[in-house]
Amino acid sequence: MLLVEDLWSRYGRIEVLHGINLEVKAGEVVAVVGANGAGKTTLLRCLSGVQPMAAGTITFRGSNITRVPAHRRLGLGLAQSPEGRQIFTNLSVEENLRLGAYLYKDARVEKDMEEAFTLFPILKTKRNLNAGDLSGGQQQMLAIGRALMGRPHCLLLDEPSMGLAPILVDQILDVVKNLRSYGVTALLVEQNAFAALSIADRGYVMEIGKITMSGPAQELIADERVREAYLGI
Amino acid sequence: MSELLQFFFSGITVGAIYSLVALGFIIIYNSSGVVNFAQGEFVMLGGMSTVFLFNAGVPLAIAAVAAILITCLVGIALNKLAIEPAKGASVVTLIIITIGASIFIRGMAQLVFDKQFHRFPSFSGDDPFLIGGATILPQGVWMIAGAIAVFIGLFVFFTYSLTGKAVLATSNNKLAARLVGISTNMMMTLSFGLSAAIGALAGVLVTPITLTSYDVGIALALKGFAAAILGGMGSPFGALVGGILVGLIEAMTAGYISSEYKDAASFIVILAVLFVMPNGIFGRSTIDRV
Ligand SMILES: Nc1ncnc2c1ncn2[C@@H]1O[C@H](COP(=O)(O)OP(=O)(O)OP(=O)(O)O)[C@@H](O)[C@H]1O
Ligand SMILES: [Mg+2]
Chain F
1 MLLVEDLWSR YGRIEVLHGI NLEVKAGEVV AVVGANGAGK TTLLRCLSGV
51 QPMAAGTITF RGSNITRVPA HRRLGLGLAQ SPEGRQIFTN LSVEENLRLG
101 AYLYKDARVE KDMEEAFTLF PILKTKRNLN AGDLSGGQQQ MLAIGRALMG
151 RPHCLLLDEP SMGLAPILVD QILDVVKNLR SYGVTALLVE QNAFAALSIA
201 DRGYVMEIGK ITMSGPAQEL IADERVREAY LGI
Chain A
1 MSELLQFFFS GITVGAIYSL VALGFIIIYN SSGVVNFAQG EFVMLGGMST
51 VFLFNAGVPL AIAAVAAILI TCLVGIALNK LAIEPAKGAS VVTLIIITIG
101 ASIFIRGMAQ LVFDKQFHRF PSFSGDDPFL IGGATILPQG VWMIAGAIAV
151 FIGLFVFFTY SLTGKAVLAT SNNKLAARLV GISTNMMMTL SFGLSAAIGA
201 LAGVLVTPIT LTSYDVGIAL ALKGFAAAIL GGMGSPFGAL VGGILVGLIE
251 AMTAGYISSE YKDAASFIVI LAVLFVMPNG IFGRSTIDRV
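First to last, the protein sequences are chains F and A.
Just so you know, we're using the working numbering here: the first sequence kicks off at 1 and counts up by one.
Just so you know, we're using the working numbering here: the second sequence kicks off at 1 and counts up by one.
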């Protein structure tokens, strides 16, 4: 589905990613865990094309998308629910969802919106409210719902649990875990390593711009070093 | 009483033009954060192009439509040639680029057109309507109707069309807009084209009354900008109201005090309003919503 080879990226002169290699296979939930500032967000920004890459290639569903501009990547099936939600605070909940399907004008838009409301019923009751007036958790649901409206094959999720009450974290991670039943593959980035690994099939550990460990999620959870560094056990 | 009504009529007619210029300002401002100082040049190009096409024998209506299209293309060219290549530059840099562009366009207009004052006939003659002892020119009615029509058109565009919502989304969050597949370059092109067309329409409407020449843009841009600020620099409704207010203040000052003070008076009132309401009359809370 998604193959990242030797990806380097920098902000100005500060190099942040030093040769990332990573793969996500169709139908998987893959977690990338790492401490604050490791470069997880930068990685997802590169994948969506909103961050320049210094080197490397991104292959998505068999084609090289390294040079594809950001606004064309969703059409290829790569969506992102970005860090900090980034919803359109000047528009209603429904308008946010509608814009998630900006590329489409067919009857499926309506159906997908109902689907999003089934996934997150609270959004339906708030559909006409200004998205900026939602709570943090509701905004996170909206960000995920909006990304799903774009009919992705692969969904990139950046810290969907950040700042949420534990009960909401569970609800959101449950949705992520079940994405594959909608035919969506997921790449999940989290500081909350335990939560992410417990719903993932495989995981990568990222440390200051490099992948230092990878493997089945259960093995990473069991690994001494991971437990010590990220799980606080 | 009829005197007051007369000043009121002249205030809202000229105010309608300021409203149109202000609408042009905020469309580009909302989509890019840039105050486009070439906005007045769009007004000038609309008027001057109509004059020269009309004098070349083109029927007035066709000349006016062609002038609006030409100006629209100039707006798009401004974005493609000067703004887009400077991607990543600070807003201040972009504003300076628009100042340069306005000087360039004015210079070109002197060469392509000339330095004379021009006009073309009013759309519906020059016999004034008599209302309550005051008069209003048919062209003035056209100006007011033009401003209202553009405002309603923008309202419908932003409220009901997906493209209009995409413009609003881009102005709210560029990153998110790109992630949902909106081309932000496309939205900028659209904004510049739309803004230029609205400016040109203002030029077409006002020329039979105030005449036009290569440098009429400067004063109109200043007034339109003041109107946009007064209205809160963001909402189309604010721009509409801001323009009418600036027009009214000017007309009342010219009528009751002296026309020498009309420019000063409008700027003093604007400063006073901004002192009390730093975000303009319709600022902030309505900035995001149409
Ligand atoms: N816009 C920026 N300009 C300069 N440096 C940046 C910028 N954004 C991030 N960085 C730096 O890049 C590094 C990686 O940041 P990034 O946001 O990708 O980390 P992260 O793993 O997502 O962290 P977090 O878990 O806190 O979200 C950090 O050292 C950060 O300081
Ligand atoms: Mg991050």
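Keep in mind that the hints were calculated from the coordinates and are not lab data.
Errors might be hidden in some of the hints.
To be verified - Quick look at which bits of chain F chain A covers, simulated, 3 or more residues with Cβ under 8 Å: (1) 81-90; (2) 102-111; (3) 195-201.
To be verified - Only some residues are given here: those of chain A computed to face chain F with a beta carbon under 7 Å: (4) Met1; (5) Thr163; (6) Ala169; (7) Lys174; (8) Leu175; (9) Arg178; (10) Ile182; (11) Ser183.
Glycine included, each C-beta is placed from N, C-alpha and C at the ideal position.
When the structure is checked against the list of hints, which entries are broken? Sort them ascending. 3, 4, 5 and 7
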